[in-house]
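> Below are the chains, spelled out letter by letter.
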Amino acid sequence: MSVILKQAGWAALAIVGACALGVIALSRGESINALWIVVAAVAVYLIGFRFYGQYIATNVMQLDAARATPAVRLNDGLDFVPTNKHVLFGHHFAAIAGAGPLVGPVLAAQMGYLPGVMWILVGAIMAGAVQDFMILFISVRRDGRSLGDMIKSELGLVPGVIALFGTFMIMTILLAVLALIVVKALAQSPWGTFTVAATIPIALFMGVYSRYIRPGRVGEISLIGFVLLMLSIVVGGQVAADPLLGPLFTFDGKQLTWMLLTYGVVASVLPVWLLLAPRDYLSTFLKIGAIFGLALGIVVMAPDLKMPAVTQFIDGTGPVWSGTLFPFLFITIACGAVSGFHALISSGTTPKLLENETHATYIGYGGMLMESFVAVMALVAASIIEPGIYFAMNSPAALIGTSPESAAQAIGQWGFFITPEMLTQTAKDVGETTIISRTGGAPTLAVGMAQIFAAALGGKAMMAFWYHFAILFEALFILTAVDAGTRVGRFMLQDLISTVLPPFKRLPALAASLIATFLCVGAWGYFLYQGVIDPLGGINTLWPLFGISNQMLAAIALMLGTVVLFKLKREKVAWVTIVPTVWLLICTLTAGYQKLFHDNPKIGFLAHAQKYQAALAEDKILAPAKSMPQMQQIIFNDYVDAALAALFMAVVLSILFFGLRACLRALREEHPSSTETDNVRHQPAVA
Amino acid sequence: MFTNLGSEIGKFGAYLGQTARLMVGLPDYDVYLTHMQEQHPDKTAMTYEEFFRERQDARYGGNGRMSRCC
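Protein chains in written order, with the working numbering: chain B, 16 to 702; chain S, 217 to 286.
Do not take every clue at face value.
Said to hold, decoys possible - Calculated pairs, SDA-like style, for lysine to any residue (alpha carbon to alpha carbon, straight line, at most 20 angstroms):
id: 1; chain 1: S; residue 1: K227; chain 2: B; residue 2: E370
id: 2; chain 1: B; residue 1: K100; chain 2: S; residue 2: G226
id: 3; chain 1: S; residue 1: K227; chain 2: B; residue 2: F104
id: 4; chain 1: B; residue 1: K167; chain 2: B; residue 2: D510
id: 5; chain 1: B; residue 1: K100; chain 2: S; residue 2: Y248
id: 6; chain 1: S; residue 1: K259; chain 2: B; residue 2: L93
id: 7; chain 1: B; residue 1: K100; chain 2: S; residue 2: D246
id: 8; chain 1: S; residue 1: K227; chain 2: B; residue 2: N99
id: 9; chain 1: B; residue 1: K100; chain 2: S; residue 2: E224
id: 10; chain 1: B; residue 1: K100; chain 2: S; residue 2: L232
id: 11; chain 1: S; residue 1: K259; chain 2: B; residue 2: N90
id: 12; chain 1: S; residue 1: K259; chain 2: B; residue 2: D91
id: 13; chain 1: B; residue 1: K100; chain 2: S; residue 2: A230
id: 14; chain 1: S; residue 1: K227; chain 2: B; residue 2: H101
id: 15; chain 1: B; residue 1: K617; chain 2: B; residue 2: A640
id: 16; chain 1: S; residue 1: K227; chain 2: B; residue 2: G234
id: 17; chain 1: B; residue 1: K100; chain 2: S; residue 2: L242
id: 18; chain 1: B; residue 1: K100; chain 2: S; residue 2: G229
id: 19; chain 1: B; residue 1: K167; chain 2: B; residue 2: K617
id: 20; chain 1: B; residue 1: K100; chain 2: S; residue 2: V247
id: 21; chain 1: B; residue 1: K100; chain 2: S; residue 2: I225
id: 22; chain 1: S; residue 1: K259; chain 2: B; residue 2: D94
id: 23; chain 1: B; residue 1: K100; chain 2: S; residue 2: K259
id: 24; chain 1: B; residue 1: K21; chain 2: B; residue 2: V31
id: 25; chain 1: B; residue 1: K100; chain 2: S; residue 2: T235
Stated by the list, open to error - Quick look at which bits of chain S chain B covers, simulated, 3 or more residues with Cβ under 8 angstroms:
id: 26; stretch: 225-237
id: 27; stretch: 251-263
id: 28; stretch: 266-274
Unchecked claim - Derived Cβ-Cβ restraints for the label pairs, each shown as a range:
id: 29; chain 1: S; residue 1: E265; chain 2: B; residue 2: W25; range: 46 to 52 angstroms
id: 30; chain 1: B; residue 1: K321; chain 2: S; residue 2: L249; range: 54 to 60 angstroms
id: 31; chain 1: B; residue 1: P550; chain 2: S; residue 2: E265; range: 33 to 39 angstroms
id: 32; chain 1: S; residue 1: I225; chain 2: B; residue 2: A80; range: 25 to 31 angstroms
id: 33; chain 1: S; residue 1: G229; chain 2: B; residue 2: I228; range: 21 to 27 angstroms
id: 34; chain 1: S; residue 1: I225; chain 2: B; residue 2: Y608; range: 56 to 62 angstroms
id: 35; chain 1: S; residue 1: I225; chain 2: B; residue 2: F241; range: 41 to 47 angstroms
id: 36; chain 1: B; residue 1: I548; chain 2: S; residue 2: E265; range: 46 to 52 angstroms
id: 37; chain 1: S; residue 1: I225; chain 2: B; residue 2: I601; range: 47 to 53 angstroms
id: 38; chain 1: S; residue 1: E270; chain 2: B; residue 2: F341; range: 47 to 53 angstroms
Hints were generated in silico from the structure; no laboratory data involved. Where a beta carbon is used, it is the ideal one built from N, C-alpha and C, also for glycine.
If we strip away everything but chain B, and leave its shape as in the complex, we get:
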């Protein structure tokens, strides 16, 4: 009887989900309520988790509740600790959630909400969650070893080094694009700049407090820090309005770039307890709080979506980023559907804390579904604002000019109604001088979040506060990522240089560390600076590169999963990793190829270089260049970007080669040839 009831429950859920999806898909030309998307998403996640996740757990991985996990076997109370599954879910989710799933969907909204929602749901169920789950499983069966280590031992030393190098380049692009988002959000915004700058002294105070005054009281100091942060937002409004102080905190993109570079170097050599750790407390708790707030706000406010389901920009002529729906939508959404970076987390601390193998479904597969839901909410937040405002905020100045009049006129020609007054009024509402060309996704999300939060709390008078709260929350965890990423990048670089140039090891530790720091900051700084001066906004160049690299890392992780399944002699069920791998390879290689060779200079790096070379040959100067050396600089940058795209493709193709080789070898073996640790039996306290 209870079996029938359960089945009936799932059938009912399936019907609810299908109805919600039907409403989303069929209501063309009339606005729909955001709740339909939320309901459809939740139904799809639950069904995907219950059936596909469980299928993978039972039939593909054959998870074994009685097999001791590393946390049980190697328990040391520190790194390896059997942890309650809900507590670990929180830990894992906090580690995988970041700026990516928030920004990607906002940028994707230029094609309308429908293509984005579809890929976020399908991508998470079929690719993203499978990858996170698979890597967690593989790592748990290998004492919680890292992705790079596992590629080395399963595929070979050479692919291991290639993957390490690829990961470093991906990290470089990631840090550049994250820093660019902060620059775009803070340029000409004294309010935002003041509050973000204020986080530095607040974090320093918190660091000293939790080290010397009351050591280790994390909750207490985080609460104090939170109150100070809220105060800094209030004070920031006064500072921005002040005729004397306001200009002191008003900077352009280039100035902010140099500040961020200096910050990157200084922050990454300071002791971790002083700045990085306390900032991490703030950004982690603020992030989780804001995500919950956003979910609650959407449910309470139940806003209508104003963005059309599909816009004309699916043909590739969009102002926010260039390229057609296939392959670029799949590249742009990135982390909300599938993120290669999660493979680093799933093979990081999580596998060392897993109490029981069977919890991996909930944490690995379920954690990614939750992340995907964050992406859905970001897409909703971008779609509830007026499309005209969305395009004014996300189109580069080269296309819409810098005045409300020129922007309104250009956007009107694309078929979206907006008046100059609406643009100035919105800027005034959020406490900024202008919202035109605030590209990068974060400001758009902040406007959407401000509308949702203000509807629930404080009304229109609080819009400016919530806008800067949202900017602060994004900038905070981006700066944490810049700091932590520079440290990790430095370490990787030292490792790589020592492998290639053994004498590097003999340098004094401080010198080696400083060289690596400058190289690392220089690398992401180069791309950041290039993005800041780009008249097309930088996001147009950097985000696709980031998306391609991130999805390629995911393809690499899924290839590792496939190799492991072949080695376990389970090639019959290996389609669960092969299908998403093939799809990711098709998308990323097509996108990479188009970024290299497309005729349109907005898409192809080489076509862009040729356009400038042709002008140079005729002694003409094209904007944004103001002189011949600047023209040459642009051409040089194009070749660097092109080389990078080619490099990413080479990395993924070589891993594909080594992966296929490993699979063929495994096929010829008669017995499983995996390198799993011994199957120690234990009686789990809780199954």
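Following the hints, put chain S in place on chain B, whose structure we already have.
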């Protein structure tokens, strides 16, 4: 029944605190102490302050591992 409810809420709160601390890389200190007493009674366990610093260095100390995502 109500005493049960009270202890349930208390347990829930404890889990919430544990989750928040583990989100920033701080595992449960009591679990560590129990582990030391049961498995290594011959060794002195770290004080909470030492434990806190050790975990902080382990999370952020630049061991080449990314502890968070984009």
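> Does each hint fit the structure? Answer for all of them.
Outcome of the hint check:
1. S:K227 to B:E370: Since the Cα atoms of K227 of chain S and E370 of chain B sit roughly 19 angstroms apart, the hinted pair holds (cutoff 20 angstroms).
2. B:K100 to S:G226: holds (18 angstroms)
3. S:K227 to B:F104: Distance of about 17 angstroms is within 20 angstroms: holds.
4. B:K167 to B:D510: Given pair K167 of chain B, D510 of chain B holds - Cα atoms ~15 angstroms apart, limit 20 angstroms.
5. B:K100 to S:Y248: holds (18 angstroms)
6. S:K259 to B:L93: Holds, because 15 angstroms separates the two Cα atoms, which is no more than 20 angstroms.
7. B:K100 to S:D246: Roughly 18 angstroms between the alpha carbons, so the hint for K100 of chain B and D246 of chain S holds.
8. S:K227 to B:N99: holds (12 angstroms)
9. B:K100 to S:E224: Given that 20 angstroms is the threshold and the Cα spacing comes to 17 angstroms, the pair holds.
10. B:K100 to S:L232: holds (12 angstroms)
11. S:K259 to B:N90: holds (16 angstroms)
12. S:K259 to B:D91: holds (13 angstroms)
13. B:K100 to S:A230: Holds: K100 of chain B and A230 of chain S sit about 14 angstroms apart, inside 20 angstroms.
14. S:K227 to B:H101: holds (13 angstroms)
15. B:K617 to B:A640: Holds. K617 of chain B to A640 of chain B sits at ~16 angstroms (cutoff 20 angstroms).
16. S:K227 to B:G234: Status holds; Cα separation ~17 angstroms.
17. B:K100 to S:L242: At roughly 16 angstroms apart (the allowed maximum being 20 angstroms), L242 of chain S and K100 of chain B satisfy the hint.
18. B:K100 to S:G229: holds (15 angstroms)
19. B:K167 to B:K617: violated (38 angstroms)
20. B:K100 to S:V247: Holds - the C-alpha atoms of V247 of chain S and K100 of chain B are around 15 angstroms apart, at most 20 angstroms.
21. B:K100 to S:I225: Since the Cα atoms of K100 of chain B and I225 of chain S sit roughly 18 angstroms apart, the hinted pair holds (cutoff 20 angstroms).
22. S:K259 to B:D94: holds (18 angstroms)
23. B:K100 to S:K259: Outside the cut-off at roughly 29 angstroms; violated.
24. B:K21 to B:V31: holds (15 angstroms)
25. B:K100 to S:T235: Distance ~10 angstroms between K100 of chain B and T235 of chain S Cα, so the pair holds.
26. 225-237: The restraint on the stretch 225-237 of chain S holds, since 6 of its residues have a Cβ under 8 angstroms from chain B and three suffice.
27. 251-263: Check passed, 3 qualifying residues.
28. 266-274: Answer holds; 8 residues pass the 8 angstroms Cβ test.
29. S:E265 to B:W25: 46 to 52 angstroms: The hinted range 46 to 52 angstroms holds for E265 of chain S and W25 of chain B, with Cβ atoms some 51 angstroms apart.
30. B:K321 to S:L249: 54 to 60 angstroms: holds (56 angstroms)
31. B:P550 to S:E265: 33 to 39 angstroms: violated (54 angstroms)
32. S:I225 to B:A80: 25 to 31 angstroms: At 29 angstroms between Cβs, range holds.
33. S:G229 to B:I228: 21 to 27 angstroms: Because 25 angstroms falls inside the window, the suggested range holds.
34. S:I225 to B:Y608: 56 to 62 angstroms: holds (58 angstroms)
35. S:I225 to B:F241: 41 to 47 angstroms: violated (24 angstroms)
36. B:I548 to S:E265: 46 to 52 angstroms: holds (48 angstroms)
37. S:I225 to B:I601: 47 to 53 angstroms: holds (51 angstroms)
38. S:E270 to B:F341: 47 to 53 angstroms: holds (50 angstroms)
The structure is inconsistent with the numbered hints 19, 23, 31, 35, although it conforms to all the rest.
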